[in-house]
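Chemist: Sequences are here, hints too, so could you generate the full structure?
Chains as they are written, first to last, in our numbering: chain A, 5 to 99; chain B, 444 to 925.
Think of the hints as simulated: they come from the structure by calculation, not from any bench. All C-beta atoms in this analysis are idealised placements derived from N, C-alpha and C, irrespective of residue type, glycine included. Don't take every hint at face value.
Counterexamples of contact, computed for chain B against chain A with all Cβ distances above 12 Å [to be verified]:
{"no.": "1", "residue": "N474"}
{"no.": "2", "residue": "L585"}
{"no.": "3", "residue": "K695"}
For lysine to any residue, the following SDA-like pairs were computed, each having C-alpha atoms within a straight-line distance of at most 25 Å [unchecked claim]:
{"no.": "4", "chain 1": "A", "residue 1": "K26", "chain 2": "B", "residue 2": "G790"}
{"no.": "5", "chain 1": "A", "residue 1": "K26", "chain 2": "B", "residue 2": "S805"}
{"no.": "6", "chain 1": "A", "residue 1": "K96", "chain 2": "A", "residue 2": "A84"}
{"no.": "7", "chain 1": "B", "residue 1": "K703", "chain 2": "A", "residue 2": "F41"}
{"no.": "8", "chain 1": "B", "residue 1": "K818", "chain 2": "A", "residue 2": "S54"}
{"no.": "9", "chain 1": "B", "residue 1": "K852", "chain 2": "A", "residue 2": "E29"}
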Amino acid sequence: MSIDKDTVKYTAHLARIELQPKELETLSGQLKDILGFIDKLKKIDVKSTSPTSHILPVNNVLRRDAPAESLPLKKTLENAPQKKESFFAVPKIIE
Amino acid sequence: MEELNRLTAHELIESLSRKEITSEEVISRLNQRIKDTDARVKAYVRFDSSNNPAEQQSGAAALPLKGLPISLKDNICTDSLNTECCSMILGGFRPPYDATVVKKLKAAGALILGAKTNMDEFAFGSSTENSCFGPTHNPWDLECVPGGSSGGSAAAVAGDEAIWALGSDTGGSIRQPAAFCGVVGLKPTYGRVSRYGLIAFASSLDQIGPITKDTRDSALLLNVIAGFDPRDSTSVNEKVPDYTQALLNDIKGIKIGIPKEYFIEGTDSEVKTIIKEALEKLKSLGADCQEVSLPHTEYAVPVYYIIATAEASSNLARFDGVQYAYRSSSRASLIDMYKETRGEGFGEEAKRRIILGTFVLSHGYYDAYYLRAQKVRTLIKQDFERAFNQLDCIVTPTTPTAAFKIGEKIKDPLKMYLSDIFTISVNLAGIPAISIPCGFTKKGLPVGLQILARPFAEEMLFRVAHTYEQNTGWHKMNPRLK
Numbered sequence: 005m006s007i008d009k010d011t012v013k014y015t016a017h018l019a020r021i022e023l024q025p026k027e028l029e030t031l032s033g034q035l036k037d038i039l040g041f042i043d044k045l046k047k048i049d050v051k052s053t054s055p056t057s058h059i060l061p062v063n064n065v066l067r068r069d070a071p072a073e074s075l076p077l078k079k080t081l082e083n084a085p086q087k088k089e090s091f092f093a094v095p096k097i098i099e
Numbered sequence: 444m445e446e447l448n449r450l451t452a453h454e455l456i457e458s459l460s461r462k463e464i465t466s467e468e469v470i471s472r473l474n475q476r477i478k479d480t481d482a483r484v485k486a487y488v489r490f491d492s493s494n495n496p497a498e499q500q501s502g503a504a505a506l507p508l509k510g511l512p513i514s515l516k517d518n519i520c521t522d523s524l525n526t527e528c529c530s531m532i533l534g535g536f537r538p539p540y541d542a543t544v545v546k547k548l549k550a551a552g553a554l555i556l557g558a559k560t561n562m563d564e565f566a567f568g569s570s571t572e573n574s575c576f577g578p579t580h581n582p583w584d585l586e587c588v589p590g591g592s593s594g595g596s597a598a599a600v601a602g603d604e605a606i607w608a609l610g611s612d613t614g615g616s617i618r619q620p621a622a623f624c625g626v627v628g629l630k631p632t633y634g635r636v637s638r639y640g641l642i643a644f645a646s647s648l649d650q651i652g653p654i655t656k657d658t659r660d661s662a663l664l665l666n667v668i669a670g671f672d673p674r675d676s677t678s679v680n681e682k683v684p685d686y687t688q689a690l691l692n693d694i695k696g697i698k699i700g701i702p703k704e705y706f707i708e709g710t711d712s713e714v715k716t717i718i719k720e721a722l723e724k725l726k727s728l729g730a731d732c733q734e735v736s737l738p739h740t741e742y743a744v745p746v747y748y749i750i751a752t753a754e755a756s757s758n759l760a761r762f763d764g765v766q767y768a769y770r771s772s773s774r775a776s777l778i779d780m781y782k783e784t785r786g787e788g789f790g791e792e793a794k795r796r797i798i799l800g801t802f803v804l805s806h807g808y809y810d811a812y813y814l815r816a817q818k819v820r821t822l823i824k825q826d827f828e829r830a831f832n833q834l835d836c837i838v839t840p841t842t843p844t845a846a847f848k849i850g851e852k853i854k855d856p857l858k859m860y861l862s863d864i865f866t867i868s869v870n871l872a873g874i875p876a877i878s879i880p881c882g883f884t885k886k887g888l889p890v891g892l893q894i895l896a897r898p899f900a901e902e903m904l905f906r907v908a909h910t911y912e913q914n915t916g917w918h919k920m921n922p923r924l925k
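Modeler: Spelled out as structure tokens, the structure:
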């Protein structure tokens, strides 16, 4: 499987990354090389192998539904590039 | 007095407890050393001696790390103290809370240095060249990389600009720089140390671990940072032993496996010779060395670059110009604001990994890439399970070569990825591993010996590493940095 420039451009859009034309050029070549290398995984028969998403037997971790200390609002909003009252502010979405 | 910065943490703890020295003396000597040498090494970012350390701790004198400074990688959150992952997109970010490891360190009396150590942006890299602050230089040869991504931590410890440090390891990011800089680097078992407050790269692989001047310090630091944390749902509720009790000078009868797949073509012949000498040393100390096979080793790098980038693409979605630090100034719609913020704020390698990760998870490619990689991950894990049925530990080179030159691999990402070929399997299998210095190339660059053990068998790593150390002394070598 290979990857062309249009696919890279579309994937960058999905990832919400604006690429400059030169970046798109370089990245397309590099991703092609990397995916070419990754293709060696096709050699292995994995029909009867189950996937590992976690190396530990992970379970849901539950806690009592009781109020506990949370992050202070003011401190948390200090990192916001733009805020309004006690909210993060974003460009207008609905006219 | 002059040389306080060169001492190990356990030596300093002893002198501090006997009141032969004061914490202020240690800090002032360390700050002086950083001022003298860091313009060349560049192990730290945002160094400002006035806030170094950020806060003095008060409290009982009996605390185990009372008054002892520690350096942290720039991806470990510290309350109100800049933590930027060496990325423009997090420029000026001050976390509103301490990572669990930081809380534990403070509770033990440790002082957190205000400057953080340099790293590849978001831990994406093997050379610390992908930092928005510029590269760190290897104290053994300033033209060489210190390894990465925890290159700042490793260079600081090697150059005596830190007593000890924490790094994080997703595919070798503690062990590879430790090997390149001639210091001790430990990646604990997945789940051993809480990841709460570690800015996530790949959540199923990341672990925080110590970078130190010797094995005793590594054990001492793990004692403090290990343990169950309800805030990390993957943290394991397994008893934390006193790891210093494992520091025996005795490996008689210990069964060591030597995987034939780690002595392949492409490994530097000098490195091979040095590792073979180290193995002879272990044999002469009574270890029972035998060949073992880990047949899926060659698939570790491709599996890793699917799984790690997939997880990264998801984790880094949160940096969108809304909650954290950087937002692009030119913006029309919300979507354009996201795209421009991320296009401007992320460096080259971060963009490459996010896009690759998005691709392998996207519709039509998921089964062929991501799901297949997860299946091969199972096979890699089973290789180790089989091996550890017969063995106490496995010994390999940490890296196929010693430190390479700055600029040598940066334009060829695939070549850079292959420099992690011996460290990546460990993260995929979740097992612990340590890298210790075991010799030098003719050019005077350090070489690392990697020891691997079964999950939660860190004590075995410490035992073998300590025994080797006590009978060689490579860890006592210092770079000639004036």
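Chemist: Are there hints from earlier that the structure breaks, and if so, what are their numbers?
Modeler: Hint check: nothing fails, all pass.
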